[in-house]
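Start from the sequences, fold in the hints, and give me the full structure.
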Amino acid sequence: MNEFAIALVEWLLKVIHAYLIGGLIFSVPFVIFGIHRVDPNVQGWSILFRIIIMPGLLIFWPLFAVRLVRGKTAPTERTAHRVAAQAAPQPAPQGGGS
Amino acid sequence: MSVSYKSIQWNRQKIIYDLLLVATIALYLYLFVWSTQWFGGADVERGLRAIWIRAYGSAAFILLHVILSIGPLTRLSPKFYPLLFNRRHMGVVMFLLGVQHARGTLAWYHDFGNLDPIVSLLTGNLNFGFIPFPFELLGIGGLLILGLMAITSHDFWLHNLTAPVWKALHMCVYLAYSLLVGHVFLGALQTNKHPFLTIAVGIGLVWIVGVHFWAARKEAGCDRQTFLINTEGFADIGSISEIPENRAKVVTLAGERIAVFKYDGKISAISNVCQHQNGPLGEGKILDGCITCPWHGYQYRPEDGASPPPFTEKVPTFAVRLQGDRIFLSATPNLPGTPVEPAVIA
Chain Z
36 MNEFAIALVE
46 WLLKVIHAYL
56 IGGLIFSVPF
66 VIFGIHRVDP
76 NVQGWSILFR
86 IIIMPGLLIF
96 WPLFAVRLVR
106 GKTAPTERTA
116 HRVAAQAAPQ
126 PAPQGGGS
Chain A
90 MSVSYKSIQW
100 NRQKIIYDLL
110 LVATIALYLY
120 LFVWSTQWFG
130 GADVERGLRA
140 IWIRAYGSAA
150 FILLHVILSI
160 GPLTRLSPKF
170 YPLLFNRRHM
180 GVVMFLLGVQ
190 HARGTLAWYH
200 DFGNLDPIVS
210 LLTGNLNFGF
220 IPFPFELLGI
230 GGLLILGLMA
240 ITSHDFWLHN
250 LTAPVWKALH
260 MCVYLAYSLL
270 VGHVFLGALQ
280 TNKHPFLTIA
290 VGIGLVWIVG
300 VHFWAARKEA
310 GCDRQTFLIN
320 TEGFADIGSI
330 SEIPENRAKV
340 VTLAGERIAV
350 FKYDGKISAI
360 SNVCQHQNGP
370 LGEGKILDGC
380 ITCPWHGYQY
390 RPEDGASPPP
400 FTEKVPTFAV
410 RLQGDRIFLS
420 ATPNLPGTPV
430 EPAVIA
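Those protein sequence lines, which keep their order, are chains Z and A. Its first residue numbered 36, the first sequence is counted upward by one per residue in our numbering. Its first residue numbered 90, the second sequence is counted upward by one per residue in our numbering.
Just so you know, the hints here were simulated from the structure itself, not pulled from any lab data. For glycine and all other residues, C-beta sits at the position ideal for the given N, C-alpha and C. Hints are not guaranteed to be accurate.
To spell it out: a stretch of chain Z is covered by chain A in this simulated footprint if at least three of its residues, at any positions, have a beta carbon under 8 Å from a beta carbon of chain A; those stretches are [stated by the list, open to error]:
1) 39–51
2) 82–92
3) 113–120
Structure representation (structure tokens):
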């Protein structure tokens, strides 16, 4: 057995473990009290919904922590047309013709 | 659509789909275990638990091939859309099968020493030559990616990560597939004398690469079209007669595809990219006065690219003009949800 490899893997697993524990400490109160503030589409108090998103929150919790602190919601997606539309001067609605 | 999230979006079709999926997997697992015991071989000598480990692993790997085939098959024929409708449930089931395979492996091969089973798995073989390559590490990498996809499969994640980021994350399935091909191929070379598994993996790889290449060739035809833009910023994209009623012609302008719909004696154009999973709106049709995405049924009004209330999705719109039978399309998108009066067919 490679002692260095074992020590390195054990240390990495502890780091991951600590990150997930941090995620759990943040996520449990977040799904109960804070989630409505970062995503208005979360309505009601479905427990199953909260359980389903919990594993992802354990991974992505820093993203939601930042949004919660800054008072932000999810950004609008960026596609080529959305970017071009924002950059272009917007004409008045145009009539069709034949 | 994004008014409020549901825990699991089950309807009658999806329940039937899921029941068929679970029944097929259960039948496969039973037949695998039964036939392995019946025909004998190395697995029987290792015991029933070793057979179950391979049953779960092979079921997950075959299901991954099915999942990867659905996307390109829908590009080739709309008949495959019903399979796409509930693909996320299939992906979660595949991940759970992979977890069962990994749990069995940890318990069977790595739970008898002083080390933690995961540490044992990660450090047990560090010989990075061709054989015996630590193929287990490839399997762990693939499973972690599939896990990340499974836990972000709910629409909550699609909305909060945004569709392009979510799609990019889920495109990592191809990296997971590559790792798992290596995992199965190298694992089979080390543990099986019979070439059947190696040949089967090769056939699966050729099928996946082939069907993607076939679909990509078809798609590339649409994106290769070029249009001349006149001094007013409009491009002649074809004739009215090319477009069937309540359907669209898809053209590429302004760096992305545009869906030009004909309906009720009018022509309207919106960005082809559905706000939910970026599905191809131009392959959908007009239902109840709304453009309906063929992937999951999200709807947009053709006149302003907005979902009917209470839904809130919006896509960019484009001005359209007609000159005789020719359709002229603005190359400049309007902001999502901007009303544009449809061009009326004389």
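We went through each hint and held it up to the structure:
1. 39–51: holds (count 5)
2. 82–92: Holds, because 6 residues of the region 82–92 of chain Z bring their Cβ atoms closer than 8 Å to Cβ atoms of chain A.
3. 113–120: Coverage by chain A holds for the region 113–120 of chain Z (7 residues, Cβ < 8 Å).
In this structure, none of the earlier numbered hints is contradicted; all agree with it.
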